[in-house]
Amino acid sequence: MRFYSFTEEPYPDAWASGADSLRVKLPNRLCDPEEAARLYHEYIDEWQLCDELGLDIFVNEHHSTATCLTASANIILAILARTTKRARLLALGFPIGNRPDPLRVAEELSMIDVISRGRLEMGFVKGVPYEIHPSNSNPATLTARFWEAHDLILKAMISHDGPFSWEGEFFQYRNVNIWPRPWQQPHPPVWVSCVSVGSATSIAERGHVLGTVMTGYKAKDLFDEYRRVWRRQSKPDPLPLDRLCYAGFLGVGETEAEGRRRGALVAQYLRTNSIVAEAFKNPPGFVAPAAGAKMIKQTGSMTFQSHNVATKEGRVLNSFAKASVQDLIDGGLLFAGTPDQVFRQIVDFYDTVGGFEHMQLMSQAGTMGCADVEANLTLFAKEVMPRLQEYGRMRRKQMGLPPEPALA
Amino acid sequence: MADQQAGVSSIEVNGIATGLIRRGSGRPLLFLHPEIGLSPSAPVIGLLAERFAVIAPSLPGFGHSALPPGFTVDDLAYFGLDLLDALDLREVVLVGVAFGGWIAAEIATKSQERIARLVLVNPVGIKTGGREERDLQDIFGLTQAELDAMSYHDPSLARFDPKEASEDDIYVRLRNRETAARFAWSPYMHNPRLASRLHRIRVPSLVLWGESDRIASADYGRAYAARIPGARFETVARAGRYPHLERPDHFARRIAEFVAANQF
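Here the protein sequences line up with chains Z and B, keeping their order. Each step along the first sequence adds one to the number in the numbering used here, with nothing skipped, and position 301 is 301. Each step along the second sequence adds one to the number in the numbering used here, with nothing skipped, and position 77 is 77.
Same shape as in the complex, but just chain Z (with noise of 0.2 Å):
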């Protein structure tokens, strides 16, 4: 098993101002460059911490937003592909139906991958709704232009014999020719994220790696379809755990009550992440019209329901906001305790959705200063992620599955 360590760099100064939408209007006055500065330099400290506990490296983007100071997860990757020695480098991701400009995605990312010596993931992802307003990409549009960037990403990798040109829907390139080409051949991995059942056909149908957040058991229904796709297009049975990712949140301790407060800390994430004005929340189009009336009809109210996360005995965790740290670690959303109960945790889930070989692990939010997220990661790093390697090559081999690739 391979975890990969998380944080979306908010900048919880802000979180203060009282405002009722922490991402799209928050006015970048409450940003000073010398804390944004002081943030960057802890995180990206964090990150090559990781690098030397052996656990690996996520970082995603978002944009007009206190939460995640990452505008562009490109440029931490570019400082992270120079600085870090053996981390695999995941970025879920990068917003490629928001970018005008996929060429420029396609060179930037085999950029980092040869700089890195061939250590980038690289994700691909649709985007929240609040995405919307800042990117000004065309929600009703956004699924469609998504894949032709995807597409035109992946050929401008594998091809190495000139240009080639382009003339779809949404870009037209007359002379595509990347250099550099990316160092891993033929391009690096692709993750996808998604939190729909529609949308992990669409992942497994390419074979891709499916990443998914914030879902909790849910996850077990993503992984299932995924499953499913896999063996009606009559690829060798099982599935490989390589092609799934769970990420959740972290907070491990010394003793159960440490690791319960850390858990609370990574936890602000939750709490704050959907502060945002309604305006934002739905844009048009951005869920399709026919699943959109259905869930409308069956809640009764205009307004979706974004998270709608139940815990394993099926109770509904309706706000985030509101669950306390023992309602996110029923919900399978948050891993918090001794070493010990997060090893147990993690691997009741693991077991509960099937299995997985990634899982992507918030380590940091909020306010949760370096000296407690060097102990999240330092305690999980010697003390959990053994254990669970452990756990999952003696899973794989009861599922019939070939031993991991050996780890960098």
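Just so you know, these hints were derived from the structure itself, not from any lab. Treat the hints loosely; a few may be bogus.
Derived lysine-lysine pairs resembling DSS-like cross-links, with alpha carbons at most 30 Å apart [said to hold, decoys possible]:
hint	chain 1	residue 1	chain 2	residue 2
1	Z	K397	Z	K235
2	Z	K220	Z	K297
3	Z	K397	Z	K297
4	Z	K294	Z	K218
5	Z	K155	Z	K85
6	B	K163	Z	K294
7	B	K163	Z	K281
8	Z	K322	B	K163
9	Z	K312	Z	K220
10	Z	K220	Z	K397
11	Z	K297	Z	K218
12	Z	K220	Z	K382
13	B	K163	Z	K297
14	B	K163	Z	K218
15	Z	K297	Z	K322
Following the hints, put chain B in place on chain Z, whose structure we already have.
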């Protein structure tokens, strides 16, 4: 289902399955709905049908009408011309409200062969201000309550309860919003080329403006009318951007008077 209502049918226009309301007799009146579509039960249809042969399509992508891939506002205008050809309509009174006003203006700049009179009602489609001025409020960046308050003189008319509505009604509402964004997301609610083409309109034209429209101002409407040779500009009191819903009697009467005053 809405499609089972009287006067509602469907037609293939250049291969596009199109929902169509046809009611009344007399001079043909082609009604192009705003971004929120048009319910077949809207009283305005019957009021117009007392004086005209009303033809009110659901534009491609709206209601249950098909939407060919890659369709643009330009294609919507050609769709309108194709529809006039398909039904062989002549000396038509062309009426468009809000987004439909934009399409009506696009049609008229391309061909007036089958059009005798043009009525634009709170139309969008042109840019009048500078690059740092927003002519039109961003309807895709407002809550439903804000949007209703800015669109209607009496927002209670806009009330929509998903608990009472059928799943199909909700679907149409979501689809209309999606399709409006598809056509009008960016450049927002306008075609940068349209303003310089409005001079081509030679038929007698009336621009009606619901005064309570706060998505666009009456000055925007005046600037629009000023670009159409000889166009008359007239405000409608106690109505927002959808006067056909808020003042259907006045709306139908003013169109009939305008047509009568400008004899063919």
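Satisfaction of hint between K294(Z) and K163(B), Cα-Cα up to 30 Å: Holds, because 12 Å separates the two Cα atoms, which is no more than 30 Å.
Pairwise hint evaluation, K220(Z) against K312(Z), where the allowed Cα distance is 30 Å at most: Holds - the C-alpha atoms of K220(Z) and K312(Z) are around 11 Å apart, at most 30 Å.
Restraint check for K294(Z) with K218(Z), where alpha carbons must lie at most 30 Å apart: 19 Å, holds
Distance restraint between K155(Z) and K85(Z), which requires alpha-carbon spacing of 30 Å or less: Holds: K155(Z) and K85(Z) sit about 29 Å apart, inside 30 Å.
Proposed proximity, K218(Z) with K297(Z) (alpha carbon, max 30 Å): Answer holds: K297(Z) to K218(Z) is near 21 Å, not above 30 Å.
Restraint check for K297(Z) with K322(Z), where alpha carbons must lie at most 30 Å apart: Between K297(Z) and K322(Z) the Cα gap is close to 25 Å, so the pair holds against 30 Å.
K220(Z) paired with K382(Z) [C-alpha distance capped at 30 Å]: It holds: about 28 Å lies between the C-alpha atoms, which stays within 30 Å.
Proposed proximity, K397(Z) with K220(Z) (alpha carbon, max 30 Å): 21 Å, holds
30 Å limit on alpha-carbon distance, applied to hinted pair K163(B) and K281(Z): 21 Å, holds
K220(Z) paired with K297(Z) [C-alpha distance capped at 30 Å]: 25 Å, holds
Pair hint outcome, K163(B) versus K218(Z) [Cα-Cα no greater than 30 Å]: Holds, at about 27 Å.
Agreement of K397(Z) and K235(Z) with the hint, judged by alpha carbon distance not exceeding 30 Å: Holds. K397(Z) to K235(Z) sits at ~19 Å (cutoff 30 Å).
Hint compliance for this structure: hint 3 alone is broken.
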